[in-house]
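Participant: Line by line, the protein sequences are chains A, B, C and D.
Number 497 in this note's numbering belongs to position 497 of the first sequence; there are no gaps in the numbering.
Number 576 in this note's numbering belongs to position 576 of the second sequence; there are no gaps in the numbering.
Number 23 in this note's numbering belongs to position 23 of the third sequence; there are no gaps in the numbering.
Number 300 in this note's numbering belongs to position 300 of the fourth sequence; there are no gaps in the numbering.
Hints may be right or wrong, so weigh each one.
As the list claims (entries may be wrong) - To be clear about the criterion: a stretch of chain A counts as covered by chain B if any three or more of its residues have a C-beta under 8 angstroms from a C-beta of chain B, and this derived list gives those stretches:
| # | segment |
| --- | --- |
| 1 | 282-292 |
| 2 | 323-335 |
| 3 | 460-469 |
| 4 | 473-485 |
| 5 | 586-598 |
Claimed, not checked - Pairs of lysine-lysine residues, derived as DSS-like cross-links and limited to a Cα-Cα distance of at most 30 angstroms, are as follows:
| # | chain 1 | residue 1 | chain 2 | residue 2 |
| --- | --- | --- | --- | --- |
| 6 | A | K29 | C | K64 |
| 7 | B | K29 | D | K147 |
| 8 | D | K180 | D | K287 |
| 9 | C | K267 | A | K179 |
| 10 | C | K64 | B | K481 |
| 11 | A | K63 | C | K13 |
| 12 | C | K133 | A | K268 |
| 13 | B | K181 | D | K221 |
| 14 | A | K481 | B | K104 |
| 15 | C | K235 | C | K180 |
| 16 | B | K179 | D | K287 |
| 17 | B | K63 | D | K221 |
| 18 | D | K147 | B | K262 |
| 19 | B | K481 | A | K63 |
| 20 | A | K75 | A | K268 |
| 21 | D | K133 | B | K268 |
| 22 | C | K212 | A | K268 |
| 23 | C | K212 | C | K235 |
| 24 | B | K367 | B | K416 |
| 25 | B | K262 | A | K481 |
| 26 | A | K430 | D | K13 |
| 27 | B | K63 | D | K212 |
| 28 | A | K63 | C | K147 |
| 29 | D | K13 | A | K416 |
| 30 | D | K147 | B | K179 |
| 31 | D | K268 | C | K287 |
| 32 | A | K430 | D | K64 |
| 33 | A | K104 | B | K481 |
| 34 | C | K268 | A | K268 |
FYI, nobody ran anything at the bench for these hints, they're computed from the structure.
Even glycine gets a Cβ: it sits at the ideal position worked out from N, Cα and C.
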Amino acid sequence: MAVNIQPDVQTQFTGASIVNDFALSVATKNGSGSQTSNAVIIRSLFRMGIPVSGKNLFPSNIKGLPTWYTIRANKDGYIARSATTEVAVCFNQDTAAEDIANLKSGGVVVIPSDWKWGQSRADVTYYELPVKELLTQAQIGTDFRERIANMVYVGAVAYLFGLPLDMINRALLDQFNNKAKPAAMNYAVIELAYNWSRDNLVKADPYKFETMNGTAGKILIEGNEASALGSIFGGVSVVAWYPITPSTSLVDSIMENLSLRKDPETGKNTIAIVQAEDELAAIGTIIGAGWAGARSLTATSGPGISLMAEFTGLAQFAEIPCVIWDVTRMGPSTGLPTRTSQGDLLFIHFLSHGDSRHPVLLPGTVKECFEFGWRALDYAEQLQTPVFVMSDLDLGMNLWMSDPFDYPDQPIQHGKVLDKERLAQFLEEKNEWMRYRDYDGDGVGYRTLPGTDHPRAAYFTRGTGHNEAATYSERSDDWMKNLERLRHKFETMRDLLPHPIVDHDPSKKIGILSFGSNDSAIIEARDLMAANGVQTNYMRVRAVPFAHNVREFVLSHEHVYVIENNFDGQMAQLLRMEISEDTRHMVSLACGDTLPMSAQWVIDQIMAHQ
Amino acid sequence: MAVNIQPDVQTQFTGASIVNDFALSVATKNGSGSQTSNAVIIRSLFRMGIPVSGKNLFPSNIKGLPTWYTIRANKDGYIARSATTEVAVCFNQDTAAEDIANLKSGGVVVIPSDWKWGQSRADVTYYELPVKELLTQAQIGTDFRERIANMVYVGAVAYLFGLPLDMINRALLDQFNNKAKPAAMNYAVIELAYNWSRDNLVKADPYKFETMNGTAGKILIEGNEASALGSIFGGVSVVAWYPITPSTSLVDSIMENLSLRKDPETGKNTIAIVQAEDELAAIGTIIGAGWAGARSLTATSGPGISLMAEFTGLAQFAEIPCVIWDVTRMGPSTGLPTRTSQGDLLFIHFLSHGDSRHPVLLPGTVKECFEFGWRALDYAEQLQTPVFVMSDLDLGMNLWMSDPFDYPDQPIQHGKVLDKERLAQFLEEKNEWMRYRDYDGDGVGYRTLPGTDHPRAAYFTRGTGHNEAATYSERSDDWMKNLERLRHKFETMRDLLPHPIVDHDPSKKIGILSFGSNDSAIIEARDLMAANGVQTNYMRVRAVPFAHNVREFVLSHEHVYVIENNFDGQMAQLLRMEISEDTRHMVSLACGDTLPMSAQWVIDQIMAHQ
Amino acid sequence: MANAIGLERTDYKGATSTLCPGCGHDSISNQIISAAYDLSLPMTQVVKFSGIGCSSKTPAYFLKGSHGFNTVHGRMPSVATGAMTANTDLIAIAVSGDGDTGSIGFGQFKHLIRRNVPMVYIIENNGVYGLTKGQFSATSDEGQELKYYGLNELPALDLCLEAIIGGCTFVARSFSGDSKQAQTLIKAALSHRGTAVIDIISPCVTFNNDPKGNKSYDYGKKNEIALHQIDYMPKGYVHPREEITADYAEGELIEVDMHDGSTIRLKKVDQDHDPRNRASAINTLEKAQRENLFMTGLIYYEEPRPTFDETLHLVDTPLSHLQDAQLRPSQDALASLMQSFM
Amino acid sequence: MANAIGLERTDYKGATSTLCPGCGHDSISNQIISAAYDLSLPMTQVVKFSGIGCSSKTPAYFLKGSHGFNTVHGRMPSVATGAMTANTDLIAIAVSGDGDTGSIGFGQFKHLIRRNVPMVYIIENNGVYGLTKGQFSATSDEGQELKYYGLNELPALDLCLEAIIGGCTFVARSFSGDSKQAQTLIKAALSHRGTAVIDIISPCVTFNNDPKGNKSYDYGKKNEIALHQIDYMPKGYVHPREEITADYAEGELIEVDMHDGSTIRLKKVDQDHDPRNRASAINTLEKAQRENLFMTGLIYYEEPRPTFDETLHLVDTPLSHLQDAQLRPSQDALASLMQSFM
Ligand SMILES: Cc1ncc(C[n+]2csc(CCOP(=O)(O)OP(=O)(O)O)c2C)c(N)n1
Ligand SMILES: Cc1ncc(C[n+]2csc(CCOP(=O)(O)OP(=O)(O)O)c2C)c(N)n1
Ligand code: SF4
Ligand code: SF4
Ligand SMILES: [Mg+2]
Ligand SMILES: [Mg+2]
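Chain A on its own, in the form it takes in the complex (with noise of 0.2 angstroms):
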C-alpha cells in the first residue's frame, strides 16, 4: 500500500466530509481516448485500497457519440451501480446541461472554463478548468489534444479528491504497459492541471478519496476476460465466433492470453480460433469440432443465438458436446447492442423447433465466469449436449472487483468417450455397443470419436429419428424411447449443473430470487432493508433447468421478489412453469431499463410491494 501523499487542500467546506462513498461519472465523447484516463483513475483508487467499480455506458457507434464511465468508490465493497452521481465530470459540451441536471444535490461539477452549460444550479458545486490554455501550456500537438485534454481531469480530480499524483503515476504506466515516453506526455498533463488546481481552486464540496485497505488481495478484472480465462483453463480447443457486441472480448481476450496454450517449444497453438463467416458457421464448426473431439466454445449475443437456432437443435438431439457464450444485449432485435439486458433467458433455454430444452448456466460473478468457463466445457461432455452460459454486457464489459479465481478443483472431464482401448473393453463386457442406449441410467450414452482406429468404432449422427444402435428409424417406439432417454438426461441436470447460492433462513418471510449479475444490487440492497428493519432471504439461481431446492425456495416464503434484468420477466415465467402450486406471492420484478441494476432500484421495488 503506498502512503497517502495528498498535500492538505485548501478548502472552505466547513460541513462533515464524505470518504470513499460516492460516484464519479466522466461524460466524454466516443473513441475521444477517455478510457485511458478512466481507467487511470479507477486504478488509482484501487490501489489505494478503495472498493472501485466502473461502468461504461457507451453508444453504439466509433466515434463522437456521447459515452459516460461512473467510478464508484464505495468503502463498504458494494460495486453495483450507483442510481445518484455525486460528481460530473462535463467533458462532452452536448451533455453537459443533463448531466448537470442529473447530479445529486450537493453535486460536484467538473468542466472546461469556456463552456456554456445554460442554467446554472445553485445546489452544486462547480470547478472549471482552463483546458485549453492548459494543453497550450503543455504544448500538445494538435493531432493528440482531443486524448490528451482527459488528462486534464485526471489531474483536477487528482487535486480535488485526494489521488496521490505517484498513483496516478503507477496507473499510467501500466496503461501503456510501461512505455515511457507516452506515459510521461500524459503525467505532464496531469501534473499541470494538478497544480494548477491546487493553485487555483478552493474546494468546496465534502467529497474525499482516503487510502484505506479495503482492496488488499483484490483483483480488478472484465467479465468477458474472466470468461475467457476460465475456457482457456477449462482446455478450449477450437473457438469458432463471429463478432458481434457486448461478446467480441470475451473472444478478443482468448486471443490476448493464447501464450498459456501455445507449445513451449515449436510455438504453436493448441487453440484453433476460427472467425466464422456469420454465427451459422460459427455453430456448426464448433458443432463439427465438438463431435471431433475438440473443446469448442463460441461466443455470441442475441442475434447471432436467434441464428443459431437450427443447429441447436441439431447438436442436442444428435447429442454433440458444445459451448454457447451468450453475452446478452438489449433486444428484441438489433436493439440497443450497448445496453445491457437478461433478456434472452427464455430463448436460450427453449432453443429451436420442437420440444428442445437445454442447460443454461447463469454466472452472477466474475469469479464464476471463470468458473463456470471451464465447468461449461466438462457439463458439455459430460452431457453431450450444447451448455448455454448466460452473461450480460454489464458483467462481461465492465471492470469488477473480485477475490482471485480458483485453479479448477477436479482434472479435465470428458465425459463417455470410448478410445480404442476403452471400446475394445466395452464390447467384452457387454458383447454389444450401442451409440444412444443409456447403460448407466443417466440418459447419457457412451460416444466414440472419428479417427477411432477400431472397426466397430463408426457411427452415423444425424438429426433424423434414430434408434438406440443410431440406424436411422421412423418408429414410433424408436422415437419415444430416444425422447424419454433425452428427458431423462435433461433431469440428470438438474443434480449435476451450479446449484443456487442460498441464505435462507426461516424465520424470514421475504424472499429474493435472482440470477446473474444483479447480485451485487441485492446484496447491496439486503443490507440496506435490513438496516431498515427488513429482513429478507435470497436464492441466486445459477443454472437452469432448476435445481430441487428452487421451488422450495419459492413455495416456502409469504413473499417471493423475483428480480431480473429484462422486460417479460423471464425468470419468473420460468419458475411458474415449473411450480403448479399457488404461486401468487410470487412477485415478477423485472427492470429491462437498459442499464445495470442498482440497489436503489431493487429497494423501490420491494417497498413498493410489501
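Since chain A is already given, all that's left is putting chains B, C and D with the ligands on it; use the hints.
Facilitator: Coordinates of chains B, C and D with the ligands only, in the frame set by chain A:
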C-alpha cells in the same frame, strides 16, 4: 346420392355385421402409386354418404419404403385416427407380418396369394388375391404393373365390403381428371379383381360399407389446401417460401389455385410466388413485402422456423405485418419430417432473442385453416406484427370431412395505413404524425408505405432503438416507452384474436383443454366417456396470447386435462406461466408418439388419472 | 440552385452522420446526394435499404425524404427483393458493407444478383468490420496486417468478379476518394434496369487506413487506375453525337445506351477495356487481382436481362396498391370451389 | 479380391440405399466405394459429411466403417470445417446436392472454398430438389420445364466456375453415368491437399429425367464431352515416364503430380484444355455455358495453397487428442495471472 347396386355377397358369416364403423389400412411401398387407389376408395365411400377420414403414414423418402394409408369409415361421423385397424390390405411384403400382427382380433387380411407372411393368425380372416395372374390376364405392361397392381385390392375391397363399382368408376375419373384412357385401364383391373373375388372369395367377416346419408353437403379436403384457399381469399399478394415437408403442399395449392387471382384481361398474377434460397430469405422477402404494402406470407415447418428467428424479431420490433404458417412436424432437429407433432408452440411464441413474443393462431379444423388463412392476413396488418399460424402435418396433409367454408364476413382489413390523403388529413387534425406513437390507446401506430407521394410520408425503419418519431435513440426512457407500448399491443391481441371454443357446463367437474388437430379425437373421446358416465367440459384454445376466459376455465374445474400432441406439454407450460393460482388440478397429457391423436389415447390417459 | 423538380441539393440530405470524421462512407453518402440531386430523383419514390454496419447506417444520412429500411446483418437483399416485388414502381438504393455482403450476406448477395432484382447495390468496401472494431472481412487482402487482429492469411473475395459470374448486368468499382467517378457511376446505375453493383473502396480511417493497406485512403489516391474517363448524359441530352465520336479513333470512345434513354460515354485513358465484353471484364479483374492493381470504372455492362418481377408475370398495378376486389375472389368463386370438393 | 489392407470391395459398402431405383446418386456411391477400395483407404480414418437431401442421405450407403455426419440443410461445410480443424489426421468425403450447396448452402460453400479446408466435396447435381419432390434449384437450367413446377426463368449457377473464382485449387465436373471418369476424379481428389470440388451431374430419375432436360440421363449419355481421357496413377506407380510421354506430341499429354506422390495423366481427346491454366479453365466453363456444352473432366488444378488448419498454426497433435496437460495451464500460470490483475 347413387343407389347401392351391391350384389348379394355369398357369405358363410353368421354373426351380426359391422356396418360403416371400421378402419381399413392399406400397406404399400412409397412411390408405388397407391395414393390413386386409396383416393378412389375414400372418395367412393364419401359419395356413398359414409363419414370418412384418411390418414397417410408415409416415409421421408421418395420410393420404396413402407407407407400406410388408413381409411376410417364411421357412421357417427368421428374422423379422428382410429387406434385399431379392422381390415389390413397387405400389399407391402416387408411389413406384412407386422401389419397382420397389429390387426385387431376378428379382423381381416387382404393379401397377394403368393406371399409368405410368417405365422398365420387363427383369429383373423384371410382373403388372398392372385395379383400376378390378374395383371397378366389384364395384359398390363411391365412399366405400369407396379402402379396398377394396387387396383387389384380396390376391386377386392369393393366386392368384400361393398363399394358400388359405378361409384368407383366416378372416383377414378375424378382422379384422372376425366382422362378416359387411364381411367379405363385402371377400371378394367378393378372390375377384373372384383369379379374374381365374387367368384372365388367367400365372405367370412362382419365388416360392410352401406350407403347412408352422413356426408350430404360436406366437403373432403386437406388442411393445407384449405389454408391456401383462405390465404387467396384473404388477399395474399406476396408468397415467399422454401420447400419443406409438410408445408410444401400449402404453397403448391396456392399455385394450383392461382387462376383465382389472375387478371381476367391480361391473365397476369396478383400474387407473386417467390421460391427463396432458404428460410432466412423467405421471411426476409415477406418482411420487405409487408413493409412495402403487400399482404405477405410464408409457409414452413420446424427447421425453417428456427432459421426465421432473427428476422421475426426484426418484424416484431420494427412492426411489420406478415404471416408465417408453421405446418409442424416431429422434432427436435430434422426429426421425422413425415410424422406429426405440435412441438413448435413454445418456440414460435417466444421466437427470437430479447423479450420477443408473438401471436400464434391455432386452427383445429380445415374450416379454420381457411378462416384463419384470411384472418391472419388481416390481423397482421391490424397489429403490424408477424402473425404465426400453427397447423400440423395431420391437419395439413390428410383429408378431412368438413362443412363448406364460409365467405369472409368482413371486408379486408388493412389496419392503420396512411396514404397520401389520409396522411394529409392526419397532419391536419393532429399537427403531427409519429410512426410509433400510440394515438388510439391500442399500442398500434399509424404507418405509411414507401412510395407515398407526400413530403412528410417518409420514416426510417430499423431494428435498433428508436423513439416515437422513428429516430434512432439509445435513451433509456425512449426504449422503455416503446417496449411498454409493444406490451400493450400484446394485451390488445387477447381480445382481437380468435377466442376459444368452449363447451362449459358448471355442473361438470372435469375440464379438457386442448388446441389444433386434436379436436376430432377429443370430440369422440368426450362422447364415449359421457356414454360411460364421465362428463367433461371442453375448451379449445385458438390463439396465443390467451383470451381472458382461458384462466377462468382452468380455475373453475376440479380436474383439468391439457391435451396436446407434443412431448413436453408445451400448452400446459404456457398456461402455468400465466396462471399463478394453484394449478395442481391441471394435468398435462402430452402424446408426442409421432401419430395423429386417437380418441382411445385420450380416454386411457384421462381415465388413468380419474 | 434548384433542380428540375425544384429541390435544392440540401433537400436530398439526411440526418447528420454519426460516423468517424473522415470516414469514406460519408463521402459516398455525399455522392449519392449529388447524384440524386442532379438526376432530380423524386425522393418519395425512392427506397433505401441496408444491413448492419457503419456503412449500413448511412441511409439515415442521405435522402431524408425517402423511406429507409435498416434491416439485419447480411440479409438485406431478401428484404429488398420482397419490397421491390410488392411495389415495382419504387427506385431502390441499397448500401452494404464488405462484411455485410461478403461474409454473412454472401449467399443472399449472390441470389439477389441471380434474380436480377432491379436496384442499385452499393458496397462500401473497407476490407474490415468497422462497427465491431476492426476484424478482417472476406474482402481483406491476403497478407494484410491489422494493429489488433494481426495477419490475414485468407484470400480476398473480389465482389465485382463474383457479381459478373453470378449474372449481374451492371458491375462497377470505384473509390470513395474519386467523387466524380463514383457519382457518375451511381447515376448510370440508377438508369440501369436490373441489379447494378458498385463496389466502392471506402477507407475505414479508424481501423484500416494504414497506407500500406490496399483499402487505405493514401493507397487509393496513389494507385487508382481508372479504366476510362466516364461521363453520364441524361435522356434527351442534346448535341450531334457523330461530331464528338468523330474526334475519336476506333475504340477510343465507347457509348453505352441505357434503357431509360440516358447514355454513358467512356473515353479511353490508357487501358484497353470494353465493359460490354464479358471475357475481357473477367480478365481485367483477374489481372487486377494477380498484379494487385486498383482498377476502377464501369467493369461490365450487359443488355438488361429480365428483371425478377418480370419473371413473376405480375399485373401492372403494384401489388401493394391492388384494390380489395383484386385481392379477394368472389363469393361465387368460393361456392363453385366448394362444389368441387363435394 | 482383397486390397492392400486386406479388405474386400464389399467391406467398403454401407447400408442398403433407400433412394429410387436408378437414381444417379446410387451410382456415385458405388464410385466412391470403388475408389476407396482401389486406394485401400483406411475407413476408420475417413469421415463422411452431408447436408440434407436425397444426395445427402448417401453417406449412410457407403463406407460403413467410417464415422458419418448427416448435418442440416446447406450448412454442412461449417461442420466439416470444425471437425477437420479438431482432427487434422482425418480424411473427409463430403456429399451434397445442388439445392444443399447452390441454394441454401451457397454462402457456406463459398467460404469453405475460401478457407481451403482439406476435403473432397462432391455435389450430386440433378438440378432439382429431389427429396422435396421436384422444385427447381439454383442449378436448374434457364428455360427448363418441369411437369409440376413449370418453367424456370432464372439462370443456372455454375458451381465449378463459382469454385474456381472462389479460390478452389481442384475443380472437376463429371457425370454419374461415366463411372470410370467419376471414379478416377474421386481418387485424384482424395490425393489433393485442400478443398477438391467435384460437380457430378446425377440424374433424378423421378423428377428431372426428361431427355429434353440437361440434367437427364439420356442427355448426359448423348452429350457428355470429356475434356480429356484421365488416368490416376497411385504413388510409386512404376514405369519410366519418359517412354510414355515420348509417344505424345506437345500438349497431347499432361501429367499432374499430386502432393501425395500420385499422378494424374490427361490424354487429349479433341478439346484443347490445360487444367493448370486458370484463364483457360474459366474460358472453358464460360464457353460451355454459352454454347450449352456438357464438358466433363478435371477443369482446374492449382498447386495447393495453404490449407485452413495451416493458417491456424496448430500443434502437430490433433486438437482432439491433446493431453489434459496441454489443455490446462498450470496452477502457477493462474497465480501469476491473478497477480497481474491486482
Ligand atoms: C447477426 C449479427 N451478427 C453480428 C453483428 C455485429 N455486427 C454489426 S456490424 C458488423 C460488421 C460490419 O462490417 P461491414 O459490413 O464491413 O460494415 P462496416 O462497419 O465496415 O462499414 C457486425 C459483425 C450483428 N449486428 N448481427
Ligand atoms: C432448413 C431446411 N429447409 C428445408 C428442408 C427441406 N429439404 C430437405 S432436402 C431439400 C432439398 C434437397 O435438394 P438437393 O440438395 O438438390 O438434394 P437432392 O434431394 O436433389 O439430392 C429441402 C428443401 C430442410 N430439410 N431443412
Ligand atoms: S469505424 Fe471505420 S467504417 Fe466505421 S465510421 Fe469509423 S471510419 Fe467509418
Ligand atoms: S427423388 Fe430423385 S434424387 Fe431422390 S432418390 Fe429419387 S431419383 Fe434420386
Ligand atoms: Mg467493412
Ligand atoms: Mg438436387
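Participant: For every hint, state whether the structure bears it out.
Facilitator: To see whether the hints hold, each was checked on the structure:
A stretch counts as covered by a chain when three or more of its residues have a beta carbon under 8 angstroms from one of that chain; for the segment 282-292 of chain A and chain B the count is 0, and the coverage is violated. Counting residues of the segment 323-335 of chain A whose CB lies closer than 8 angstroms to any CB of chain B gives 8, so the stated coverage by that chain holds, three being the minimum. Coverage of the segment 460-469 of chain A by chain B holds. Counting CB-CB distances below 8 angstroms, 4 residues qualify, and the rule asks for three or more. With 5 residues carrying a beta carbon less than 8 angstroms from a beta carbon of chain B, the segment 473-485 of chain A meets the three-residue requirement, and the given coverage holds.
Residue count for the segment 586-598 of chain A with a Cβ under 8 angstroms from a Cβ of chain B: 5. That meets the three needed, and the coverage hint holds. Only pairs whose Cα atoms come within 30 angstroms are accepted, and A/K29 paired with C/K64 is accepted, the gap being roughly 26 angstroms. Our distance criterion of 30 angstroms between C-alpha atoms is met by B/K29 and D/K147, whose separation comes to about 23 angstroms. Simply put, D/K180 and D/K287 have alpha-carbon atoms about 25 angstroms apart, close enough for the 30 angstroms limit, and the pair holds.
With a C-alpha separation of about 55 angstroms, the suggested pairing of C/K267 with A/K179 is violated against the 30 angstroms cut-off. Distance check on the hinted pair: C/K64 and B/K481 sit about 25 angstroms apart at the alpha-carbon level, within 30 angstroms; holds. For the hint linking A/K63 to C/K13, the alpha-carbon distance of about 21 angstroms falls within 30 angstroms, and the restraint holds. Between C/K133 and A/K268 the alpha-carbon distance is near 27 angstroms, which keeps this suggested pair within the 30 angstroms criterion.
For the suggested pair B/K181 and D/K221, the alpha carbons sit about 33 angstroms apart, so the restraint of at most 30 angstroms is broken. Straight-line distance between C-alpha atoms of A/K481 and B/K104 comes to about 24 angstroms, which keeps the hinted pair within the 30 angstroms bound. The suggested pairing of C/K235 with C/K180 holds, with an alpha-carbon distance near 19 angstroms, which does not exceed 30 angstroms. Among the hinted pairs, B/K179 with D/K287 is inconsistent with the structure: their alpha-carbon atoms are about 45 angstroms apart, more than 30 angstroms.
Note on B/K63 and D/K221: the hinted pairing holds, with a Cα-Cα distance of about 24 angstroms set against a maximum of 30 angstroms. Between D/K147 and B/K262 the CA atoms are separated by roughly 21 angstroms; this keeps the pair inside 30 angstroms, and the hint holds. Taking the CA atoms of B/K481 and A/K63, the gap is about 27 angstroms. The hint holds against a cut of 30 angstroms. Using a Cα cut-off of 30 angstroms, the hinted pair A/K75 and A/K268 is violated, with the two alpha carbons roughly 46 angstroms apart.
Taking the CA atoms of D/K133 and B/K268, the gap is near 27 angstroms; set against the 30 angstroms cutoff, the hint holds. Distance check on the hinted pair: C/K212 and A/K268 sit about 28 angstroms apart at the alpha-carbon level, within 30 angstroms; holds. Proposed proximity of C/K212 and C/K235 is contradicted: the alpha carbons are some 42 angstroms apart, above 30 angstroms. Annotation: proposed proximity of B/K367 to B/K416 holds, straight-line Cα distance about 28 angstroms (limit 30 angstroms).
With a C-alpha separation of about 50 angstroms, the suggested pairing of B/K262 with A/K481 is violated against the 30 angstroms cut-off. Taken as a hint, the A/K430 and D/K13 pair is honoured in the structure, with Cα atoms around 27 angstroms apart against an allowance of 30 angstroms. Distance hint between B/K63 and D/K212 is fulfilled; the C-alpha atoms sit about 23 angstroms from each other, no more than 30 angstroms. Under the criterion of a C-alpha separation no larger than 30 angstroms, the hint pairing A/K63 with C/K147 is consistent with the structure, at around 18 angstroms.
For the hint pairing D/K13 with A/K416, the CA-to-CA distance comes to about 29 angstroms; that is within 30 angstroms, so the pair holds. For the hint linking D/K147 to B/K179, the alpha-carbon distance of about 17 angstroms falls within 30 angstroms, and the restraint holds. Of the pairs offered as hints, the one joining D/K268 and C/K287 holds, with about 28 angstroms between alpha carbons and a cut-off of 30 angstroms not exceeded. Of the pairs offered as hints, the one joining A/K430 and D/K64 holds, with about 22 angstroms between alpha carbons and a cut-off of 30 angstroms not exceeded.
A hinted pair counts as satisfied when its Cα atoms are at most 30 angstroms apart, and A/K104 with B/K481 qualifies at roughly 25 angstroms. Using a Cα cut-off of 30 angstroms, the hinted pair C/K268 and A/K268 is violated, with the two alpha carbons roughly 52 angstroms apart.
The structure fails hints 1, 9, 13, 16, 20, 23, 25, 34 (numbered hints given earlier, in ascending order).
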